[in-house]
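Top line first, the protein sequences correspond to chains E and R.
Per our numbering, the very first residue in the first sequence carries number 1; after that it's consecutive.
Per our numbering, the very first residue in the second sequence carries number 1001; after that it's consecutive.
Hints are not guaranteed to be accurate.
Computed list of lysine-lysine pairs in DSS-like fashion (alpha-carbon distance at most 25 Å, straight line) [claimed, not checked]:
| no. | chain 1 | residue 1 | chain 2 | residue 2 |
| --- | --- | --- | --- | --- |
| 1 | R | K1141 | E | K624 |
| 2 | E | K418 | R | K1016 |
| 3 | R | K1147 | E | K99 |
| 4 | R | K1015 | E | K99 |
| 5 | R | K1136 | E | K417 |
| 6 | E | K258 | R | K1015 |
| 7 | R | K1136 | E | K585 |
| 8 | E | K258 | R | K1016 |
| 9 | R | K1016 | E | K569 |
| 10 | E | K624 | R | K1147 |
| 11 | R | K1141 | E | K417 |
| 12 | E | K585 | R | K1016 |
| 13 | R | K1136 | E | K615 |
With beta-carbon atoms standing in for the labels, derived distance ranges [to be verified]:
| no. | chain 1 | residue 1 | chain 2 | residue 2 | range |
| --- | --- | --- | --- | --- | --- |
| 14 | R | Q1132 | E | K158 | 52 to 58 Å |
| 15 | E | L555 | R | K1136 | 33 to 39 Å |
| 16 | R | S1004 | E | E517 | 39 to 45 Å |
| 17 | R | E1017 | E | S14 | 38 to 44 Å |
| 18 | R | M1001 | E | N32 | 51 to 57 Å |
| 19 | E | K158 | R | E1143 | 38 to 44 Å |
| 20 | R | M1001 | E | E517 | 38 to 44 Å |
| 21 | E | E517 | R | G1014 | 47 to 53 Å |
| 22 | R | D1007 | E | K332 | 49 to 55 Å |
| 23 | E | Q28 | R | G1014 | 37 to 43 Å |
| 24 | E | K332 | R | R1100 | 55 to 61 Å |
| 25 | E | Q33 | R | K1136 | 32 to 38 Å |
| 26 | R | D1007 | E | E517 | 55 to 61 Å |
Hints are computed from structural coordinates only; laboratory data are not their basis.
Even for Gly, the Cβ is constructed at its ideal location relative to N, Cα and C.
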Amino acid sequence: MRIGREIKMQRLSSPQELEKYRQEILSQRNLNQTIVTVCGGTGCHAAGCHAVVDAFKKVLQESVKNNGISLRVTGCHGFCERGPLVVIHPKEIFYQRVKPEDVPSIFSETILKGNILEHLLYEHPVTGERILTEKDVPFYKKQMRIIFGNNGFIDPTKIEDYLAVGGYQALVKALFSMRPEEIIQEVKKANLRGRGGGGFPAGIKWESCRRAKGDIKYVICNADEGDPGAYMDRSLLEGNPHSVLEGMIIGAFAIGAKEGYVYVRHEYPLALTNIMMAIEQARGLGLLGKNILNSGFDFDVFISRGGGAFVGGESSALVASIAGDVAEPRAKHIHLVESGLWNRPTTLNNVETWANVPVIILKGGDWYSQIGTEGSKGTKIFSLVGKVNNTGLVEVPMGITLREIIYDIGGGIPEGKKFKAVQTGGPSGGCIPESLLDLPVDFDRLTEVGSMMGSGGMIVMDESTCMVDVAKYFMNFLKDESCGKCTSCREGTKRMHELLTEITEGRGKLEYLDLLEELGWVTAEASLCALGGTAPNPVLSTLRYFREEYEEHILHKRCPAKVCRSLLKYRILPEVCTMCGRCAKACPTDAITGKRKTKKEEGIPFRIDEEKCIKCGMCFESCKFNAIEVQ
Amino acid sequence: MTHSEIDTIIERHGKKESAILAILQDIQTREKYLSKEALEYVGEKLRIPLTKLYRIATFFRAFSLMPRGRHEICVCMGTACHVRGAQRVLDQIQLELGIRPGETTKDLNFTLETVNCLGVCAAGPVVAIDGQYFGKMSPTKVEGTLKRFYENRKGDKDAKA
């Protein structure tokens, strides 16, 4: 493995020096050089990419003919379903589901001889055609990766990689050829709206903060990504931390802040490591600290670690937590932009919003606002997960339809099952039914149909997902995560959860549905922060679109999706049972009796004792002959 | 944890109120829980009432007031994992270990926890053991996965108790 000549890191004291340093980095890089990138995102980690990386290291070390080949572990490429992913540059050969044992042949065949290993290429699910490069895979084709695109190419632990793709150019432009007001104007022109959930226009927020009285101001990056089913902020911070940092520095300059904080979620250790490393490197080069690039502007960023509370991602709660208190929200009539962290004017945006800033500054607000819809500009990263073929992170222009995301990019529903709903917006969002699949996705449209954009989680549900169970799931989540300050939220979520439990366990009554709606209304109206304010959405949206499923549970004590355990019955079909005994072995309560058939002896078909059955489903999972029926 | 070790942690983050969370997190990482002694010492050093420290320690999920097992099992209960059957995986782990979320096995080998989302949604259902991710879990995979973390394989049955 060739390791490039170490360039000595030294403080850069002008834009010219930064440009010179960038050219120095680029001159050392040969565009024809073979670079093997292995996705090191968390999805690929779960699929075992570390073993693939080790295998590449070993092969490259052992080989004598490895001149000019370098290995790069990058951030998330997005196509998590097919991990571990390997891309070989400059030809951009895209190998998926790579195992450590494939590595020696990738090296000897593809890298040294240029032969393609067909079996590692992505196979088009319809045509069966093998696809050679990442950009031709249908999953990537409809995407527009202006924020997320560099993730797959740069090593997030090296500032040189970020500089090589043009990093910190936007900062130079902002510091040396724009006035703070012009920057704000550009962000306003772009109509950048907060990507964390609220969708508040960032430019207006920045302007109010700039105008607010006080000489000490703060900027905060909210990386407490708590919505279950959303992980784009994690992947950005892990895969391209400098883009977030650059956005924050530009924002701080525009607002007049000298200090910034990144509040990182407790559950994201790698994101924490990578952003800390990025801050150190930026300080080392003088892109953070006193007198950045000799512009006269001082700014530094510090890290604050979250403690694992969902409500900690709420802006006023987050500010309380940074100051060393518990993360409890406060009344919203005092805006953070006037009195935030330590009662100073504070601008808080989330990871993805900050990452949009360098792009807007560099390409201009006019360019940016061409993308998207009337009220929502630019792109949005969604995490497309759940019951969909191509799970992963997708960046699409605002205004794309749900159908395009789920079917064209996501490849539809697995196992030929039927689509039922897509849940967006996390616990504050709602479930959108099939009839609304052609809805253009933007902030306002999603709110209109009773859901919301949220931070971009998009959980696809099929016919085997029970909507009452989903509502119960979210209410369980919210009752645990309600901080307890407002009675309406603390008690409202609890009572709604109780009612939903009654329904899923077969004790529901029809009048519970009206009660749920009423409770939902009170919870939303009487709570201080957005957690309580949007808490009833999962219940109200499922009641709105899937009322008949609730009624089925209540009137016929039946769960059509076969999820609600108390309403299920497992039965072994004697005519299908092969008497293998696998189910009896798997049963944790010895509820299954029968006799195994062997070569010598006749068997007795197995049967389930309903009294003993705890409906854990282990027998169903273990049966290879579909002999177990769920009613 | 000795007082001087706590002193080092306090020094690293500074003797200020805003550093409480970071200090407690470092102690939690080292000790895997916050002992009464540690909390009292931090309170004394930072001149913060013990009640406030307990308020923080009990508010955030990251902290534990009880000693933890050698291995921490974290079952993701995020929405993506939920619709793919996370509850069944959790049920199976509970059955296997005989403990509920938040509890530790008697032999101090495992602590079971749930988490709202690990951010590995594409690979769901996900279970993390000591930070190592196991994706696409199912109830039938539970036993085999846990086995890797038993101290002594012969003692499997005892370990479960």
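Hint by hint, here is what the structure shows:
1. Distance hint between K1141/R and K624/E is fulfilled; the C-alpha atoms sit about 15 Å from each other, no more than 25 Å.
2. Between K418/E and K1016/R the CA atoms are separated by roughly 56 Å; this puts the pair beyond 25 Å, and the hint is violated.
3. Only pairs whose Cα atoms come within 25 Å are accepted, and K1147/R paired with K99/E is accepted, the gap being roughly 23 Å.
4. For a cut-off of 25 Å, the pair hint linking K1015/R to K99/E is broken: about 49 Å separates their Cα positions.
5. Proximity of K1136/R to K417/E is assessed by CA-CA distance (about 19 Å); at most 25 Å being required, the pair is judged to hold.
6. Between the alpha carbons of K258/E and K1015/R the distance comes to roughly 22 Å, so the proposed pair stays at or under 25 Å and holds.
7. For the proposed pair K1136/R and K585/E, the alpha carbon gap of about 22 Å is at most 25 Å, so the pair holds.
8. At most 25 Å may separate the alpha-carbon atoms for a hinted pair to count; K258/E and K1016/R meet this at roughly 20 Å.
9. For the hint pairing K1016/R with K569/E, the CA-to-CA distance comes to about 59 Å; that exceeds 25 Å, so the pair is violated.
10. Taken as a hint, the K624/E and K1147/R pair is honoured in the structure, with Cα atoms around 24 Å apart against an allowance of 25 Å.
11. Proposed proximity of K1141/R and K417/E is supported: the alpha carbons are some 24 Å apart, at most 25 Å.
12. Taking the CA atoms of K585/E and K1016/R, the gap is about 58 Å. The hint is violated against a cut of 25 Å.
13. Between K1136/R and K615/E the alpha-carbon distance is near 21 Å, which keeps this suggested pair within the 25 Å criterion.
14. A hinted range of 52 to 58 Å is violated for the C-beta pair Q1132/R and K158/E, which are about 25 Å apart.
15. Range check, L555/E to K1136/R: Cβ separation about 36 Å, and the 33 to 39 Å hint holds.
16. The hint said 39 to 45 Å for the Cβ distance between S1004/R and E517/E, and at roughly 59 Å that hint is violated.
17. At about 39 Å, the beta-carbon gap between E1017/R and S14/E stays in the expected band of 38 to 44 Å.
18. Taken as a hint, the range 51 to 57 Å holds for the pair M1001/R and N32/E, whose Cβ atoms sit roughly 55 Å apart.
19. Remark: the range hint 38 to 44 Å for K158/E to E1143/R is upheld by a beta-carbon distance near 42 Å.
20. Distance hint check for M1001/R and E517/E: the Cβ-Cβ separation is about 52 Å, which falls outside the suggested range of 38 to 44 Å.
21. Roughly 50 Å separates the CB atoms of E517/E and G1014/R, a value that falls within the hinted 47 to 53 Å.
22. For D1007/R paired with K332/E, a C-beta distance near 40 Å fails the hint of 49 to 55 Å.
23. The hint said 37 to 43 Å for the Cβ distance between Q28/E and G1014/R, and at roughly 40 Å that hint holds.
24. Taking the beta carbon of each, K332/E and R1100/R are about 37 Å apart, not inside 55 to 61 Å as hinted.
25. In this structure, Q33/E and K1136/R meet the distance hint of 32 to 38 Å, their C-beta atoms being roughly 36 Å apart.
26. Distance hint for D1007/R and E517/E: a CB-CB separation of about 56 Å, consistent with the stated range 55 to 61 Å.
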